[in-house]
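Asker: Chains as they are written, first to last, in the numbering used here: chain E, 1258 to 1606; chain Y, 1258 to 1606.
Simulated from the structure, these hints should not be mistaken for laboratory data. One should not assume that every hint holds.
For chains that are exact copies, the list does not tell them apart, and a pair is met inside one copy or across any two.
Said to hold, decoys possible - The calculated lysine-lysine pairs, modelled on DSSO-like cross-linking and capped at a C-alpha distance of 27 Å, are: (1) K1333 x K1585; (2) K1516 x K1593; (3) K1263 x K1348; (4) K1560 x K1593; (5) K1294 x K1449; (6) K1353 x K1263; (7) K1593 x K1348; (8) K1449 x K1542; (9) K1449 x K1348; (10) K1433 x K1443; (11) K1443 x K1348; (12) K1449 x K1263; (13) K1348 x K1585; (14) K1449 x K1333; (15) K1449 x K1353; (16) K1433 x K1494; (17) K1402 x K1433; (18) K1294 x K1542; (19) K1593 x K1353; (20) K1443 x K1516; (21) K1402 x K1588; (22) K1433 x K1333; (23) K1433 x K1560.
There are 2 protein chains.
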Amino acid sequence: MPELRKDPVVGRWVIISTERGKRPSSFASVSKRVAAKMCPFCPGSEHHTPPEVMAYRTPGSEPNQPGWTLRVIPNKYPALRVEGDLERAPKGLYDKMNGVGAHEVIIETPDHACDIVDMSDESVRDIFWTYRERMLDLERDVRIKYILVFKNHGEAAGASLEHAHSQLIATPIIPKRVAEEMEGAKRYFEFKERCIFCDIVRQEISENERLVTDFDSFIAIQPFAPRFPFETWIIPKTHQSSYMEMSDADHLTLARCFKDILSRLKLALNDPPFNFILHTRPISKESREYYHWHFEIIPKLTKVAGFEWGSGIYINPTAPEESAAFLKEMKPERVKEVFRADKTGGDSV
Amino acid sequence: MPELRKDPVVGRWVIISTERGKRPSSFASVSKRVAAKMCPFCPGSEHHTPPEVMAYRTPGSEPNQPGWTLRVIPNKYPALRVEGDLERAPKGLYDKMNGVGAHEVIIETPDHACDIVDMSDESVRDIFWTYRERMLDLERDVRIKYILVFKNHGEAAGASLEHAHSQLIATPIIPKRVAEEMEGAKRYFEFKERCIFCDIVRQEISENERLVTDFDSFIAIQPFAPRFPFETWIIPKTHQSSYMEMSDADHLTLARCFKDILSRLKLALNDPPFNFILHTRPISKESREYYHWHFEIIPKLTKVAGFEWGSGIYINPTAPEESAAFLKEMKPERVKEVFRADKTGGDSV
Chain E
1258 MPELRKDPVV GRWVIISTER GKRPSSFASV SKRVAAKMCP FCPGSEHHTP PEVMAYRTPG
1318 SEPNQPGWTL RVIPNKYPAL RVEGDLERAP KGLYDKMNGV GAHEVIIETP DHACDIVDMS
1378 DESVRDIFWT YRERMLDLER DVRIKYILVF KNHGEAAGAS LEHAHSQLIA TPIIPKRVAE
1438 EMEGAKRYFE FKERCIFCDI VRQEISENER LVTDFDSFIA IQPFAPRFPF ETWIIPKTHQ
1498 SSYMEMSDAD HLTLARCFKD ILSRLKLALN DPPFNFILHT RPISKESREY YHWHFEIIPK
1558 LTKVAGFEWG SGIYINPTAP EESAAFLKEM KPERVKEVFR ADKTGGDSV
Chain Y
1258 MPELRKDPVV GRWVIISTER GKRPSSFASV SKRVAAKMCP FCPGSEHHTP PEVMAYRTPG
1318 SEPNQPGWTL RVIPNKYPAL RVEGDLERAP KGLYDKMNGV GAHEVIIETP DHACDIVDMS
1378 DESVRDIFWT YRERMLDLER DVRIKYILVF KNHGEAAGAS LEHAHSQLIA TPIIPKRVAE
1438 EMEGAKRYFE FKERCIFCDI VRQEISENER LVTDFDSFIA IQPFAPRFPF ETWIIPKTHQ
1498 SSYMEMSDAD HLTLARCFKD ILSRLKLALN DPPFNFILHT RPISKESREY YHWHFEIIPK
1558 LTKVAGFEWG SGIYINPTAP EESAAFLKEM KPERVKEVFR ADKTGGDSV
């Protein structure tokens, strides 16, 4: 019998329909890489990108020259732009405003053939530290209400370049998906006087049915009502509304937790295309008591079709208890060995 | 400068980002067809499907035998099932219930190589009439709160069989997307004492910037804040909250309007994969004054990536004014001529 499950935060129902026949091992994915003859993110191509916003560099190296280990640049084709005023205006019954904001690219490594799972813990920590640095800088702009950090890995997940990178878009509005989480969390807080995410952490640890790893300050779970097979959330165990409340030391723990989970997903699903998204509270502090930051990782294994677009109800062929059990069995330390001789696509190195 | 636009009904912001470089003619799509050696939807294969729920048949032909022009069957792999009780239950802070509902397939034509644009007006009318018939039947089930009709055309849009068909899923909950439209429309009605969709129809006709066709009882528009390039809405001009309030005669007009629009999209985008969705009011009559049924047609031309999943904000590279102008120039009567000698994929006829 299919099962309807409700996400406790946003109230979104999903259909867990395991009878439709997809077992974890039946998703043979392999990220189709996007071949590029000239990669603008590789060292030596710095002049092909807009001038860098920040970089981690070896001492003595010059900006916009090789010598960096991580580099942040404005997106060459920004969805939103830094220049201009909002000029909110009606048009009959419609509303519009100028696309003011920011759109930056975090080039995670100089090594074209490298992904987060291949990098040192410290290099991955630098990525997470960079998100914090950029947020601290951008939130001083009074036009900005929210900063969304995300990553597209693999062509099917929307990556147009294969060189490992994440992005951030700073928006002059609070995104709908975040607003929905805030409303749901607020409603719960008013009723229970507790953070709903803290309660989720407690229940997931004690039930231990959807928990993939309990990683010191973080847990990684398959959520109770996942939209997609192998959807994974990483949540800090203590109450922190904003990503910027994370302790300095925990950036390294988070890096280790991410490497662990991405290695498990890569092994379980054969290098799937995926997106990850950081949900943190808006710059305004209003939701401090009831919001709780977390990452959502979404492997791209199924197609979103008419029913999902029209209803907002997702049909998921894999129960989260099943995907959690499958991921637990993976041995993350084996990822380099398994994928070593198996590079695909147009690597330029 | 990119532009932020807000959907007046659900309050969803989209980014119209035409600078990202996609012009209408740059979407070279062609629906990848899903080849099938044996098509279970073709005449003669009736025994490969569950027994039919209804069919239009030539006099004297037997159920589940050839002789039909349109056939409705339960989905062989249903997302929701007719049997059982809801058994709504908590699990700690979570909620679930049994996946009770219905999932049916409307096989639109016996001709494997035929799409809506190729069919006679009367055959297409039969499809729209069938939606009504099935809704009337299913809404007698007290467990059902909503009936969502949709179509997936082409593999990228989620079609697993290429033989022309639409589907319906009857759900024991009101889908989130519909609930959001109802809330938005209700808020507007409380403020203005007018239906927001009626106001949209008025403004679109008078502005004539996003109107593609004004078709007797219906208009087809590119909405002001479309999530996707060439997203198209078909809206009845007079206030009707439910699809079942449409007059008998208007079923034929709707068929002609649909053929017109789907022909324009096929010509403009070279047979794109697409979804369409019918949004009608829930079975309960509460939203009768402020809700207004309509179809949404979504060509599948872009990828949904991390930013969209994480924010609910869609980045659309094509302004609706631009796609409307492009679609207006198309000559729908030319579709048969242009695509006649150009059948792709595993047609079995």
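Asker: When the structure is checked against the list of hints, which entries are broken? Sort them ascending.
Answerer: Failing hints, ascending: 1, 4, 5, 7, 14, 18, 19, 20 and 21.
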